[in-house]
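*Asks:* Each chain is listed here by its residues.
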Amino acid sequence: MTSHRLASGGLIDRATPIGFSFDGRPLTGHAGDTLASALVANGIRLVGRSFKYHRPRGIVSAGPEEPNALVEKGRGPRREPNTRATTIELHPGLDAASQNRWPSLAFDIQAIAQFAAPILGAGFYYKTFMWPAALWERLYEPAIRRAAGLGRLSGAADPDAYEKAHAFCDLLVIGAGPAGLAAALTAGRAGARVILVDQDFRLGGRLLCERVEVDAMPGPVWAGEVEAELKSLSNVRILTRTSAFGLYDGEVGAVERLTDHLPVTPAGEARQRLWTLVPKRILLAAGAIERPIVFGGNDRPGVMLASAMRTYVERYAALPGRQVALFTTTDDGWQTAASFARAGSPLAAIIDARREVPEAVRALAGDVPVFLGARVLDAIGGQSLRAIDIVGDHGRRRLAVDGLAVSGGFNPDLALTTHLGHKPVWSDERAAFIPGDLPANVAVAGAAAGRFTLAAALADGARLGAEAAREAGHTPAETPAFRAGDEPCAVAPLFHVEGGRGKAFVDLQNDVTDSDVALAAREGFVSVEHLKRYTTLGMATDQGRTSSVNGLAILAALTGRTIPETGTTRARPPHVPVAIGALAGLHRGRDFKPTRLTPAHGWAKEQGAIFVESGPWLRAQWFPKAGETDWLQSVTREVEAVRAGVGICDVSTLGKIALSGPDVGTFLDRVYANTFSTLPVGKVRYGLMLREDGFVMDDGTTARLGPDEWVMSTTTANAGKVMQHLAFCHQVLWPELDVQMVSVTEQWAQFAVAGPRSRDLLEALFGPEADVSDAALPYLGCTTLALGPTRARLFRISFSGERAYEIAVPAGYGDALARALMAAGRDLGVTPYGTEALAVMRIEKGHVAGAELNGQTVARDLGLGRMLSKKKDYVGRLMAERAALNEASRPTLVGLKPTVAGVRLRSGAHVLPLGVPPTAEHDQGYVTSTAYSPTLGSWIALALVANGPARHGEEVRIHDPVRSGDVVATIVSPVFVDPEGARLHG
Amino acid sequence: MADPVSDWTHRGGFAGLSRRIGSGEGLKAVERAGLAAATVIARRGKAADAATALGRMLGAPVVDGGKRTSGGDVTVLGTGPGTWLVFGDRPALVADLTAALDGLAAVVDQSDANAILDLSGPRLVDVLEKGLRLDLHPAAFAADDVAVTAIAHVGVTLWMSDDRATVTLAIPRSLAGSLLHWLEASARPVGLTVEAD
Amino acid sequence: MRIPCPYCGPRDSSEFAYHGDAAPRRPAVGNAAAMADYVYLRANPAGPMEELWYHAQGCRSWLVVTRDTRDHAISNARLAATRSPA
Amino acid sequence: MRYSVVSLLAGALTGNRRWTPAWRDAAPKPAYDVIVIGGGGHGLATAYYLARTHGIANVAVLERGWIGGGNVGRNTTIIRSNYLLPGNIPLYELSLKLWEGLEQDINYNAMVSQRGVLNLYHSDAQRDAYARRGNAMRLHGIDAELLDQGAVRRLYPFLDYDNARFPIQGGLLQRRGGTVRHDAVAWGYARAASDRGVDIVQNCAVTGFLREGGRITGVETTRGTIRAAKVAMAVAGSSSQVADMAGFRLPIESHVLQAFVSEGLKPIIPGVITFGAGHFYISQSDKGGLVFGGDIDGYNSYAQRGNLPVVEDVCEGGMALMPAIGRARMLRSWGGVMDMSMDGSPIIDHAPVEGLYLNTGWCYGGFKAIPGSGYAFAHLIARDEPHPAATALRLDRFALGRVIDEKGQGAQPNLH
Ligand SMILES: Cc1cc2nc3c(=O)[nH]c(=O)nc-3n(C[C@H](O)[C@H](O)[C@H](O)COP(=O)(O)OP(=O)(O)OC[C@H]3O[C@@H](n4cnc5c(N)ncnc54)[C@H](O)[C@@H]3O)c2cc1C
Ligand SMILES: NC(=O)c1ccc[n+]([C@@H]2O[C@H](COP(=O)([O-])OP(=O)(O)OC[C@H]3O[C@@H](n4cnc5c(N)ncnc54)[C@H](O)[C@@H]3O)[C@@H](O)[C@H]2O)c1
Ligand SMILES: Cc1cc2nc3c(=O)[nH]c(=O)nc-3n(C[C@H](O)[C@H](O)[C@H](O)COP(=O)(O)O)c2cc1C
Ligand SMILES: [Zn+2]
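Chains as they are written, first to last, in our numbering: chain H, 1 to 986; chain Z, 1 to 197; chain G, 1 to 86; chain S, 1 to 416.
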């Protein structure tokens, strides 16, 4: 047995010893322990250092509200900083270390900070470090940053997996103490769908920590029986190790720790699971958190919440001290005296600030020196408590103790009810904030509602559980009356004992003292929110669970206001800190976003394609051949092959929308800037689509394959946006139009076949029966032809400027089509080409694409002004006609050629006149797209330049300071290759 | 010249993706390949008539709502107002629909647009809830309900068998690999078998 | 936030795309000033507001949703296509 | 009282009892030369520069709650001037220059920390867009560096370079960008303005306007009627509400943006990083918290809080960018109500009603603009002509088509 473990009792498994280590020291605990209880059982006091003054600190609580006992759990990439020792379930091999200290926990150099405390008061940094200005980033700030912070991240990628899940229920019960268990059982028995969550690994809440009986059973036994019955109900789901952390609109966020308590994460299992719970009703039964009292030296290791002391004794059979005194203002504190007495280690003294204590309460203590109407002024000690100074009617007195249990009242754990903006209200009677206005579907039970007795908790749970069941359409057989005692629970509020010599901490973790609160008040930070921000009170990892109320009570006293007048700060999610990994779940690394693959992806991979992310898609960027060492070499070869012979390119990623219905023509006339109602069957037309604000949204082609069979294509990037826009136009603007449309992007695999020999390839592909002659399929024609077992759509359109076609087949044949095209073109030297070659050729032809359709350009800027119909209304027309958008000085599309051959142009460079300094006033535009043109044997570019079309022939400066580029280029027509368009037909 | 058109193999979205993860027992995913499919969108004001015509074709009433109706080899899924996704085990599905719905609805071939998986097994619901933001409890989701929704950022159309033992997901075929990746990650602890085309 | 799609039932808001106030109606042809108002000016009320949402990952309907911008409470949702013309 | 090491030491020796309120908590007078509505960063800075630069000290800042309780006190503290468009750049650069001398000017350490802002790119197209922007900055005399992947790796070795869905190719770095302690900006300006005679009036909500003829001559408030020769509004997310009181509509929607802070950690992230393939940006506060954020929730809201799906979206971006933060825990999340404009750029202009001045449309980027905006707004109010750095930020630009649309998203505020 370890030094402070009781010989019997508790809910630990004495048969299962567990080895673990703290700061490298090997120790032993038991199954059922937390790290904190195991440390207590081993007599370890000093567990951490405080944030600012590096004061020695010990364990204060037995739950997630713990401000002090934060440790780094685990090693290497699994190291988890700031983990509360009070919530770590002990497991074999657990390796925990203290943090924020150097060189060691016992001897921490930065502890000298506490001697400078008078100048390190609240907000001191706002008042200094201003001179000389340059030293802030170089000296002061790095020093502050190093001293601040708590634990360390490993710096390596988190090796564990996380997952997410959704669940739905009639009633979500948060907290499985007596109130939550009673509610879940009542609603569950009635047949309601119940989810019961508790952050603990064992159900029961305070029942596990108190000597109480329910239905004549010891608390833990009753909890076990209820758990067994709940588990037998198929309509009830129990989630242990699960913290509900946030109330959102209609949803509750919770995080389940799946494997944190296991020595090693089983392969394939996630570490944690993020739950989104969607309940019809929520019952908050989260209990209450005990409130400490602020007095001198109240941070000494050994000073602990009275209920936490009891928890260690009753649940974990671990004795937090051998000479323990109690400082209380509550009846409940006296229960701790009873626990210690039962454990054979009666308290050294009881100091109750109240002058009168009911006899029944006094009886709990047994034969212990009691000081009524007294206070603890100072706790004395260094790394461990040695004595306390008390004052009272008897005068001043020093008591030698090694532990001090403190009970200042209870704060109902109501934060979740405030996440949607509702505020709790102060109750003088209970000396606590209790539920005020609540969200519509939320109820609160038990200690969380400020009803502090066990009987009340059970009754609340049963009543509200039954209510929720009824609301969900079930009839509870009867509301069970759980039998339990009504223990005394009076409180006389005491927040602060003035006059001590030691520092009196309000916020233990952030080292905020009573004098910091006083200083803030003096300096005008008298709004609670100002107080919080100026002193950082309540901003630590515990979010003020044990400090906020004391802080505002002290502020209230200083400013002559009541507590309700002073008000509370706003609580926010997450209620308990949640691993960022859990909030991300699966979606990291390559799973960050889904990946779309074209039907012929496998074929392209076989061809050795280099792929590029294109929005959600992966597209073949180029197809390197053996011996090619540089992308430009491959791309140049691909371009030359297309321009000289024939190439094929997978364009399946283009958005495709099927349209049908009598009003398609009218509809297209309204959504496109140019006219479509006149498009004959068998024809394709290039279309330009504007946003309503007049700027260009997208371009593409629409083909009319039959009288009522239209298919629109969009750019890859804008496919979703255009579909949504068309649905808007149809459903919101013109529901009277009889138009049907649906995306068919997935249905069709599509390949461009381009080059002077493209028709030859088609002839080989489709065979002699098919007529792909220019007469049958002229430029901008379209048709449907049999191809193998299917039918292909054939469009004669060209992005490259060459004679070109696009062939579409049902996606299941996409891979076959690629292979068939390669086979049919073998003798023609068919060359697969990727998006780079595609881009080179469109730049050579002056076709605009994503870089020019950047949402900042109007049709006129792109040289497409003549496409804007004057004969009809369409989306964007009126706004595009605004004078400012038609000024010649707007940057307008031009081509650029370097004056010196071989010089490279880069997109993003700006265009300036020659012979002027490179300043903003001379900025005349920028380069949008560049390529090495094998056809011209030169780098070329498209650019948007002020007055561009009027300046062909002018030499300009292409200024690219971020890449140290500065070259001269000539403004030319944006169409570099075949301006007459002869090749389209030839 | 070799006949380029000789080996036109049709490939499903999950082609080549068969696998077994862990015990393989918790969940079974079987690709349903080769189904013909079409989107049917009622002409303006003709949703009810189109539903009736679809019902006639199936021999079971079809409604304008998120419901599944099966008849013979054809399954009609309501996917939006006046819109249905129809699956059928017959090559002529699109032609048959076009004939049956003449003047009532647009019929658009989608036979190759979707990759379809039948999911079944003892841990079906446990795995699905890791991606689906829908309540599949019988009280909330009837056996003939259809949902168009998303799993792990992938759009899905979901329906189930009458005995609720099989849940079918139709997803855009380009995303088959991504969906499978989610499925693998989610089913790994319980085991997964994928049988693809 | 769960949006009660009239076709699909209640769904998580992340399935929807937002378009904002449903009150402005696209003006008739020819009126540039009215069009600029329609495109750019918003009442942006703090309180109940009718607004357009698109069920992008569901039935692909545009909805008119009545939602209070102060607390996100949704009191109604209907198909935009069935609302009366302006 | 002047703040310095000396005063700090003197304070310490006297038990810190001699400190006085940082600013006077004034009660409203019946009339002022200028009333500034809104005790956020912009309002307080405006008042300060009215007093300091234009000698107009008979000014009241009316704040409905406590100063700094709005967006100035809840943002991710990033400052930078790496803007693209000529309409925007001068104002943000003016602002950055003012940040650089702010602490000495107002005698308050707001912890202006020029630790560098790095925007990552993940594709050639994005690289070129950043080159365009970096070049625009350089033409305006602003520092900008385009880094390749190797250089980014040297700065931030723990980003996901090798297993990423959208691999990092490089970044645009502005070394002069960084962070500033948000609350200190409000308190520092309030103190400096108050020292120059400005009345800081808290718990005073403007509920209506006084008018004579067509002109605004004062305001109705929860603390009575107050007259003023000029009334200036700088109420951020509440702009439409206040405009409504004056009878006009704005090209503004109010949207909620969430922000997040982790538990305190030892320094790991030296500068500010912005993910280019998702919505995520992050820095580490001097206290050790990772301060991060992402996209707006995307719907109109005055609730000052957001929802879980966006929290998840932001964290997905975070883990995709830097999987080393998986075991860091999110400590707190909150929301702010932003004045999202129709082109994503701000407005500093006369209001359509005489006597009223308009400062709005800062979207989720107005913190960095506080000194510059306050300076330019004070100029407009004092001289009735726009400051040279703000000539493009006009209200009529929407009707005219002179929008300043950095992202090219058009009149859809939730996309900016
Ligand atoms: C989460 C978040 C992150 C952000 N991150 C950044 C960032 O990293 N970098 C950046 O540059 N910007 C950022 N911003 C934006 C920036 O915070 C805002 O643009 C800027 O603070 C707005 O100006 P302000 O400070 O004057 O606003 P606020 O501080 O909101 O001030 C407006 C004030 O007006 C008051 N008010 C409103 N109505 C009335 C009335 N009727 N009567 C009296 N008073 C009234 C309000 O109470 C409020 O105090 C962020 C914003 C948020 C919400
Ligand atoms: N006499 C007194 O002054 C006094 C004061 C306070 C409490 N009590 C006793 O405490 C008990 C109160 O019962 P109860 O059921 O209301 O509370 P409880 O404290 O017994 O149970 C609350 C449960 O909620 C869980 N929980 C809290 N927040 C959670 C979250 N966000 N997510 C998941 N789980 C969460 C806790 O782990 C705990 O198990 C009674 O036994 C009562 O006698 C007495
Ligand atoms: C840069 C920055 C850092 C913050 N750091 C912390 C912190 O360490 N701890 C904390 O509790 N809150 C922190 N906050 C959040 C504030 O507590 C608060 O949530 C925020 O200012 C919004 O106010 P509200 O939540 O009261 O509405 C921080 C906020 C900002 C803007
Ligand atoms: Zn829907």
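FYI, nobody ran anything at the bench for these hints, they're computed from the structure.
Any given hint could be a false lead.
Lysine to any residue pairs mimicking SDA-like chemistry, simulated, CA-CA at most 25 Å apart [unchecked claim]: (1) H:K280 to Z:L17; (2) S:K407 to H:N886; (3) H:K721 to Z:H153; (4) Z:K67 to G:P10; (5) H:K231 to H:W617; (6) H:K721 to S:E406; (7) H:K593 to S:T14; (8) H:K503 to S:G401; (9) H:K721 to S:G408; (10) H:K280 to H:D215; (11) H:K872 to G:V29; (12) S:K407 to G:L41; (13) H:K280 to Z:A196; (14) H:K503 to S:Q149; (15) H:K593 to S:P309; (16) Z:K46 to H:H725; (17) S:K407 to H:W617; (18) Z:K46 to G:L41; (19) S:K266 to H:I109; (20) H:K605 to Z:L136; (21) H:K593 to Z:K67; (22) Z:K28 to H:S234; (23) H:K52 to S:T14; (24) S:K266 to H:N886; (25) H:K593 to S:K266; (26) H:K593 to Z:V125; (27) H:K280 to S:E406; (28) S:K407 to H:F728; (29) H:K872 to S:K266; (30) Z:K46 to H:A97; (31) H:K593 to Z:L17; (32) H:K52 to H:R522; (33) S:K266 to H:A97; (34) H:K897 to S:Q126; (35) H:K593 to Z:E129; (36) H:K593 to S:Q149.
*Asks:* With reference to the structure, classify each hint as holding or not holding.
*Replies:* Structure-based check of each hint:
With a C-alpha separation of about 40 Å, the suggested pair K280 (chain H) and L17 (chain Z) falls outside the 25 Å cut-off, and the hint is violated. Pair hint K407 (chain S) plus N886 (chain H) holds up; C-alpha atoms about 21 Å apart against a cutoff of 25 Å. Note on K721 (chain H) and H153 (chain Z): the hinted pairing holds, with a Cα-Cα distance of about 16 Å set against a maximum of 25 Å. Our distance criterion of 25 Å between C-alpha atoms is met by K67 (chain Z) and P10 (chain G), whose separation comes to about 16 Å.
A C-alpha spacing of about 46 Å is found between K231 (chain H) and W617 (chain H), which places the hinted pair above 25 Å, so the restraint is violated. Distance restraint check for K721 (chain H) and E406 (chain S): the Cα-Cα separation of roughly 19 Å lies within the 25 Å cut-off, and the hinted pair is therefore satisfied. About 60 Å separates the Cα atoms of K593 (chain H) and T14 (chain S), which puts this hinted pair outside 25 Å; it is violated. Restraint check for K503 (chain H) and G401 (chain S): not satisfied, since their Cα atoms lie roughly 63 Å apart, outside the 25 Å limit.
Restraint check: the Cα-Cα separation between K721 (chain H) and G408 (chain S) comes to about 14 Å, which is no more than 25 Å; the hinted pair holds. Between the alpha carbons of K280 (chain H) and D215 (chain H) the distance comes to roughly 30 Å, so the proposed pair goes past 25 Å and is violated. Pair hint K872 (chain H) plus V29 (chain G) holds up; C-alpha atoms about 9 Å apart against a cutoff of 25 Å. Simply put, K407 (chain S) and L41 (chain G) have alpha-carbon atoms about 20 Å apart, close enough for the 25 Å limit, and the pair holds.
As the CA atoms of K280 (chain H) and A196 (chain Z) are separated by approximately 39 Å, the hinted pair breaks the 25 Å bound. Taking the CA atoms of K503 (chain H) and Q149 (chain S), the gap is about 51 Å. The hint is violated against a cut of 25 Å. The suggested pairing of K593 (chain H) with P309 (chain S) holds, with an alpha-carbon distance near 15 Å, which does not exceed 25 Å. At most 25 Å may separate the alpha-carbon atoms for a hinted pair to count; K46 (chain Z) and H725 (chain H) meet this at roughly 24 Å.
Straight-line distance between C-alpha atoms of K407 (chain S) and W617 (chain H) comes to about 22 Å, which keeps the hinted pair within the 25 Å bound. The hinted pair formed by K46 (chain Z) and L41 (chain G) fails the criterion: a straight-line CA distance of about 37 Å is larger than 25 Å. With a C-alpha separation of about 16 Å, the suggested pair K266 (chain S) and I109 (chain H) falls inside the 25 Å cut-off, and the hint holds. For the hint linking K605 (chain H) to L136 (chain Z), the alpha-carbon distance of about 39 Å lies beyond 25 Å, and the restraint is violated.
Taken as a hint, the K593 (chain H) and K67 (chain Z) pair is broken in the structure, with Cα atoms around 30 Å apart against an allowance of 25 Å. The hinted pair formed by K28 (chain Z) and S234 (chain H) meets the criterion: a straight-line CA distance of about 24 Å does not exceed 25 Å. Between the alpha carbons of K52 (chain H) and T14 (chain S) the distance comes to roughly 22 Å, so the proposed pair stays at or under 25 Å and holds. Restraint check for K266 (chain S) and N886 (chain H): not satisfied, since their Cα atoms lie roughly 55 Å apart, outside the 25 Å limit.
Proposed proximity of K593 (chain H) and K266 (chain S) is contradicted: the alpha carbons are some 31 Å apart, above 25 Å. For a cut-off of 25 Å, the pair hint linking K593 (chain H) to V125 (chain Z) stands: about 24 Å separates their Cα positions. Taken as a hint, the K280 (chain H) and E406 (chain S) pair is broken in the structure, with Cα atoms around 43 Å apart against an allowance of 25 Å. The suggested pairing of K407 (chain S) with F728 (chain H) holds, with an alpha-carbon distance near 22 Å, which does not exceed 25 Å.
For a cut-off of 25 Å, the pair hint linking K872 (chain H) to K266 (chain S) is broken: about 64 Å separates their Cα positions. For the hint linking K46 (chain Z) to A97 (chain H), the alpha-carbon distance of about 71 Å lies beyond 25 Å, and the restraint is violated. A hinted pair counts as satisfied when its Cα atoms are at most 25 Å apart, and K593 (chain H) with L17 (chain Z) qualifies at roughly 20 Å. This hinted pair checks out: K52 (chain H) and R522 (chain H) have alpha carbons roughly 22 Å apart, not beyond 25 Å.
For the suggested pair K266 (chain S) and A97 (chain H), the alpha carbons sit about 15 Å apart, so the restraint of at most 25 Å is met. Restraint check: the Cα-Cα separation between K897 (chain H) and Q126 (chain S) comes to about 23 Å, which is no more than 25 Å; the hinted pair holds. Taking the CA atoms of K593 (chain H) and E129 (chain Z), the gap is about 19 Å. The hint holds against a cut of 25 Å. Of the supplied pair hints, the one linking K593 (chain H) and Q149 (chain S) holds, its CA atoms being roughly 21 Å apart against a limit of 25 Å.
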